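Undergrad: Using the hints provided, position chain W relative to the given structure of chain R.
Now for the letters of each chain:
2 protein chains.
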Amino acid sequence: MSSVAQAATSLSRLSARARRTSEPQISWLLKKPLENPNMISLAAGLVDQQSLPAQAIQKLVAMLFSNEDAAKRALQYGTTEGEATLRHTLAHRLEDQGLPAPIDPENIVITNGSQQLLFLATDVLVDPGDIVLVEDPTYFVYMGTLDSVGARTIGIPTDDEGIIPDALEETLRSLEASGELPRVKILYVMTYFQNPKGSSHTWKRREQIYEIVERFSSDEHYIYILEDAAYYELKFEGEDVPFLKTLDSANERVLLAMTFSKAFAPGFRLGYGYLPSELTPHILNQKGNHDFGSGNLAQNLICHALQTGIFDEHAAMLRQRYRAKRDLMLDVIRRHFPPEVKYLEPKGGLYVWVTMPEGISTSPGSRFFEEALAREVLYVPGCYCYAQEEGRRKPDNQMRLCYAYIQEDPMVEGLKRLADACAAALT
Amino acid sequence: MSSVAQAATSLSRLSARARRTSEPQISWLLKKPLENPNMISLAAGLVDQQSLPAQAIQKLVAMLFSNEDAAKRALQYGTTEGEATLRHTLAHRLEDQGLPAPIDPENIVITNGSQQLLFLATDVLVDPGDIVLVEDPTYFVYMGTLDSVGARTIGIPTDDEGIIPDALEETLRSLEASGELPRVKILYVMTYFQNPKGSSHTWKRREQIYEIVERFSSDEHYIYILEDAAYYELKFEGEDVPFLKTLDSANERVLLAMTFSKAFAPGFRLGYGYLPSELTPHILNQKGNHDFGSGNLAQNLICHALQTGIFDEHAAMLRQRYRAKRDLMLDVIRRHFPPEVKYLEPKGGLYVWVTMPEGISTSPGSRFFEEALAREVLYVPGCYCYAQEEGRRKPDNQMRLCYAYIQEDPMVEGLKRLADACAAALT
Numbered sequence: 001m002s003s004v005a006q007a008a009t010s011l012s013r014l015s016a017r018a019r020r021t022s023e024p025q026i027s028w029l030l031k032k033p034l035e036n037p038n039m040i041s042l043a044a045g046l047v048d049q050q051s052l053p054a055q056a057i058q059k060l061v062a063m064l065f066s067n068e069d070a071a072k073r074a075l076q077y078g079t080t081e082g083e084a085t086l087r088h089t090l091a092h093r094l095e096d097q098g099l100p101a102p103i104d105p106e107n108i109v110i111t112n113g114s115q116q117l118l119f120l121a122t123d124v125l126v127d128p129g130d131i132v133l134v135e136d137p138t139y140f141v142y143m144g145t146l147d148s149v150g151a152r153t154i155g156i157p158t159d160d161e162g163i164i165p166d167a168l169e170e171t172l173r174s175l176e177a178s179g180e181l182p183r184v185k186i187l188y189v190m191t192y193f194q195n196p197k198g199s200s201h202t203w204k205r206r207e208q209i210y211e212i213v214e215r216f217s218s219d220e221h222y223i224y225i226l227e228d229a230a231y232y233e234l235k236f237e238g239e240d241v242p243f244l245k246t247l248d249s250a251n252e253r254v255l256l257a258m259t260f261s262k263a264f265a266p267g268f269r270l271g272y273g274y275l276p277s278e279l280t281p282h283i284l285n286q287k288g289n290h291d292f293g294s295g296n297l298a299q300n301l302i303c304h305a306l307q308t309g310i311f312d313e314h315a316a317m318l319r320q321r322y323r324a325k326r327d328l329m330l331d332v333i334r335r336h337f338p339p340e341v342k343y344l345e346p347k348g349g350l351y352v353w354v355t356m357p358e359g360i361s362t363s364p365g366s367r368f369f370e371e372a373l374a375r376e377v378l379y380v381p382g383c384y385c386y387a388q389e390e391g392r393r394k395p396d397n398q399m400r401l402c403y404a405y406i407q408e409d410p411m412v413e414g415l416k417r418l419a420d421a422c423a424a425a426l427t
Numbered sequence: 001m002s003s004v005a006q007a008a009t010s011l012s013r014l015s016a017r018a019r020r021t022s023e024p025q026i027s028w029l030l031k032k033p034l035e036n037p038n039m040i041s042l043a044a045g046l047v048d049q050q051s052l053p054a055q056a057i058q059k060l061v062a063m064l065f066s067n068e069d070a071a072k073r074a075l076q077y078g079t080t081e082g083e084a085t086l087r088h089t090l091a092h093r094l095e096d097q098g099l100p101a102p103i104d105p106e107n108i109v110i111t112n113g114s115q116q117l118l119f120l121a122t123d124v125l126v127d128p129g130d131i132v133l134v135e136d137p138t139y140f141v142y143m144g145t146l147d148s149v150g151a152r153t154i155g156i157p158t159d160d161e162g163i164i165p166d167a168l169e170e171t172l173r174s175l176e177a178s179g180e181l182p183r184v185k186i187l188y189v190m191t192y193f194q195n196p197k198g199s200s201h202t203w204k205r206r207e208q209i210y211e212i213v214e215r216f217s218s219d220e221h222y223i224y225i226l227e228d229a230a231y232y233e234l235k236f237e238g239e240d241v242p243f244l245k246t247l248d249s250a251n252e253r254v255l256l257a258m259t260f261s262k263a264f265a266p267g268f269r270l271g272y273g274y275l276p277s278e279l280t281p282h283i284l285n286q287k288g289n290h291d292f293g294s295g296n297l298a299q300n301l302i303c304h305a306l307q308t309g310i311f312d313e314h315a316a317m318l319r320q321r322y323r324a325k326r327d328l329m330l331d332v333i334r335r336h337f338p339p340e341v342k343y344l345e346p347k348g349g350l351y352v353w354v355t356m357p358e359g360i361s362t363s364p365g366s367r368f369f370e371e372a373l374a375r376e377v378l379y380v381p382g383c384y385c386y387a388q389e390e391g392r393r394k395p396d397n398q399m400r401l402c403y404a405y406i407q408e409d410p411m412v413e414g415l416k417r418l419a420d421a422c423a424a425a426l427t
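Taken in order, these protein sequences are the chains called R and W.
Going by our numbering, 379 is the number at position 379 of the first sequence; the sequence numbering is gapless.
Going by our numbering, 244 is the number at position 244 of the second sequence; the sequence numbering is gapless.
Derived by calculation from the structure, the hints in this document are not laboratory data.
As the structure is a computational prediction, the values presented were derived from the model and not from experiment.
Even glycine gets a Cβ: it sits at the ideal position worked out from N, Cα and C.
Check before you lean on any hint, since a few could be wrong.
Only pairs whose alpha carbons sit at most 25 Å apart, straight line, appear in this in silico DSS-like list of lysine-lysine [stated by the list, open to error]:
| hint | chain 1 | residue 1 | chain 2 | residue 2 |
| --- | --- | --- | --- | --- |
| 1 | R | 235 | W | 72 |
| 2 | W | 72 | R | 59 |
| 3 | R | 72 | W | 31 |
| 4 | W | 32 | R | 72 |
| 5 | W | 72 | R | 31 |
| 6 | R | 72 | W | 235 |
| 7 | R | 59 | W | 59 |
| 8 | R | 32 | W | 72 |
| 9 | W | 342 | W | 394 |
| 10 | R | 416 | R | 347 |
| 11 | W | 347 | W | 235 |
| 12 | R | 325 | W | 72 |
| 13 | W | 325 | R | 72 |
For each label pair, taking beta carbons as the anchor points, the in silico distance ranges come out as [unchecked claim]:
| hint | chain 1 | residue 1 | chain 2 | residue 2 | range |
| --- | --- | --- | --- | --- | --- |
| 14 | R | 308 | W | 85 | 29 to 35 Å |
| 15 | R | 238 | W | 96 | 55 to 61 Å |
| 16 | R | 170 | W | 34 | 49 to 55 Å |
| 17 | W | 31 | R | 59 | 31 to 37 Å |
| 18 | R | 307 | W | 240 | 44 to 50 Å |
| 19 | R | 128 | W | 373 | 42 to 48 Å |
| 20 | R | 70 | W | 373 | 29 to 35 Å |
| 21 | W | 22 | R | 31 | 38 to 44 Å |
| 22 | W | 96 | R | 68 | 30 to 36 Å |
| 23 | R | 68 | W | 238 | 31 to 37 Å |
Below, a sample of chain W positions facing chain R; criterion: calculated Cβ distance under 10 Å [unchecked claim]:
| hint | residue |
| --- | --- |
| 24 | 13 |
| 25 | 49 |
| 26 | 53 |
| 27 | 72 |
| 28 | 123 |
| 29 | 224 |
| 30 | 284 |
| 31 | 288 |
| 32 | 289 |
| 33 | 296 |
Chain R extracted, bound-state conformation (with noise of 0.2 Å):
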């Protein structure tokens, strides 16, 4: 059989969200510098290596490890749902940090990093031809997932604020007036020092972004909010803002995910929810199926941190750490870019956004990518982070630049680079 029969044999015993599947479209780029070595990676999204918790975590398993009872607990089958004290810790913490109390830890869910309550919220509220919206520009991997569960994704264009209330309102009514709204399911919002743009909503914003959702929401169109707050722990400067869910206060519309990865350690690989009541067993009732609960071992090493207030110390480190790399990362674009590219600047989080003079497209294949790829340095070309539709053009002008895992050194010379490549593309 010849290997394009055989590709052709293969999908059609593969199910139909299988064949919605596909590889991300970014993890070519993210395999170069394996290929080459002397690739300086600015489009990598992990965390800093070097401040990882080693120490403490090796304090943290002694803790654990000194009641043998305790240890031989956590490393028994946990539950689905996660280890009770810590989303007994977790609710009160919540609590602590603006959420209307009492906090349910019932409604508190341990996951697989804030991605898997991503995925699980979107299987359990999106059939095939549903509508997600998005923020233009958003967090790609959820547009895969989306892909994946044939859901039609939209995007709200957003300013420096936010989602742009008068984009999300006119959507909304447009959408209404095709009869589309019943199938609007989710507004998918990432609140705090947004991936790509960097930027946070403003409280303006969330209130505004509310209203108008609770508005265009009835029983029977029920639209609800899957607030991502990955990046909440990680405010270098401004003042605090809170919650999204914040404004939830009989806690049903707002699902708000957060995660142990950026703040403490990805290796983990957990991540929690907290659920609108009446979503809480559907959820649970899925991850039943996925894995019936996450590492038991993890949870109780992750709740012995907060309860020590190693987390906090290590978030604490961490928030200097990036600040003192964005500001890195911030002075390199202003001595070496030219005057015509624009960025903002991140107050926390881990991205700088970085817009081209109209016309320079950053997309592979442009010029300009191409001037990077020539002089060893990659970023995330902006056109990954747009829903793309049908007859609405989004910029291809953009890209976003992580400062959390290089290093210093290579982020300087890899910054002159794509300098370099700039300036030949404006030429």
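TA: Same frame as chain R, but now just chain W:
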């Protein structure tokens, strides 16, 4: 709104998949001991807690963290497919266990327990209305997964040597006659010390099953075999039987699912699959959306456990421990149960499968079940382990007893109570 109306509203907000997904039938049963601490559970499928490798894991942590660079790599994000060294180690291990060499580590995927592999495999192959063949009886958790994806589950009768070849052939022939053969996507089979029966497939049966599936399969209508070998390492006695997967020399038909939970520690929540090369990318794409990789720290610790021999030492110890517990359970059954009650003597694994005389139902609500409950002892009713199919009556006079989690004294006490309940139900 009334609570009934509210529940209906709530359901209308869910995806079709979520509406198909229910709480595991057995949940209420497994929660009973929490409500009544005097309840003795021979139902719980947890592992022996006393023997969990707390000391060994401290050693593994010390080993990993003695190299700061290695420790920090383990605390970073991993890859979707899992830690490369672990996958290489497993490839060699599977070759040593008799699978055709060379095994490409690219086809080994690390998952959250073997459960996640069962889920991913099913999700990638099965559309609603497709057919999955399982053993009668089979692992009840997997049947929940099948309901959730909308599969039609058909049980194939088994005897003490595994699936009965004639029964498999007859089922496939009848599906062929009705035009439904193309909808058969998977045969799910537990080859070693099956849950719930405790029996294994003989080598001859493996060959027969493989041949039949191959014969009814074509390029267009492909039937995969999902070989769940979760209890492979827990063999107490008898000859070694090669994996069914051994027959799949081209690596195209059999997905082998393995776990570290039974022979080492469930708290890591890790398992793995050895997959047909054609399926690997599709399973990985799906896992990318679920969680883009299992816990990296846990994977690194397991890798050290395998490489140092700590894993195998522990598994050897566990075999002794479980054999002794099995011997005790069989001994008490022999001495206390009425002679009309039959049971299988497992040569490995964690379960004893008991058959009451015809007409004595063990199902929830039955006289026997109530007599047991009144005596504060629990078992898994056999009915939960059968695919319920319209027009086919399945046995309802069986039960699964687990000797893994329960300690010796309560085990003896629980069995005596169950024997009392038997006697009461038989009078």
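Undergrad: Does each hint fit the structure? Answer for all of them.
TA: The hints, checked one at a time:
{"no.": "1", "hint": "R/235 - W/72", "verdict": "holds, 23 Å"}
{"no.": "2", "hint": "W/72 - R/59", "verdict": "holds, 15 Å"}
{"no.": "3", "hint": "R/72 - W/31", "verdict": "holds, 20 Å"}
{"no.": "4", "hint": "W/32 - R/72", "verdict": "holds, 22 Å"}
{"no.": "5", "hint": "W/72 - R/31", "verdict": "holds, 20 Å"}
{"no.": "6", "hint": "R/72 - W/235", "verdict": "holds, 23 Å"}
{"no.": "7", "hint": "R/59 - W/59", "verdict": "holds, 14 Å"}
{"no.": "8", "hint": "R/32 - W/72", "verdict": "holds, 22 Å"}
{"no.": "9", "hint": "W/342 - W/394", "verdict": "holds, 17 Å"}
{"no.": "10", "hint": "R/416 - R/347", "verdict": "holds, 23 Å"}
{"no.": "11", "hint": "W/347 - W/235", "verdict": "holds, 6 Å"}
{"no.": "12", "hint": "R/325 - W/72", "verdict": "holds, 19 Å"}
{"no.": "13", "hint": "W/325 - R/72", "verdict": "holds, 19 Å"}
{"no.": "14", "hint": "R/308 - W/85: 29 to 35 Å", "verdict": "holds, 31 Å"}
{"no.": "15", "hint": "R/238 - W/96: 55 to 61 Å", "verdict": "holds, 57 Å"}
{"no.": "16", "hint": "R/170 - W/34: 49 to 55 Å", "verdict": "holds, 52 Å"}
{"no.": "17", "hint": "W/31 - R/59: 31 to 37 Å", "verdict": "holds, 35 Å"}
{"no.": "18", "hint": "R/307 - W/240: 44 to 50 Å", "verdict": "holds, 47 Å"}
{"no.": "19", "hint": "R/128 - W/373: 42 to 48 Å", "verdict": "holds, 44 Å"}
{"no.": "20", "hint": "R/70 - W/373: 29 to 35 Å", "verdict": "holds, 32 Å"}
{"no.": "21", "hint": "W/22 - R/31: 38 to 44 Å", "verdict": "holds, 41 Å"}
{"no.": "22", "hint": "W/96 - R/68: 30 to 36 Å", "verdict": "holds, 33 Å"}
{"no.": "23", "hint": "R/68 - W/238: 31 to 37 Å", "verdict": "holds, 34 Å"}
{"no.": "24", "hint": "13", "verdict": "holds, 5 Å"}
{"no.": "25", "hint": "49", "verdict": "holds, 5 Å"}
{"no.": "26", "hint": "53", "verdict": "holds, 7 Å"}
{"no.": "27", "hint": "72", "verdict": "holds, 4 Å"}
{"no.": "28", "hint": "123", "verdict": "holds, 6 Å"}
{"no.": "29", "hint": "224", "verdict": "holds, 8 Å"}
{"no.": "30", "hint": "284", "verdict": "holds, 8 Å"}
{"no.": "31", "hint": "288", "verdict": "holds, 6 Å"}
{"no.": "32", "hint": "289", "verdict": "holds, 4 Å"}
{"no.": "33", "hint": "296", "verdict": "holds, 4 Å"}
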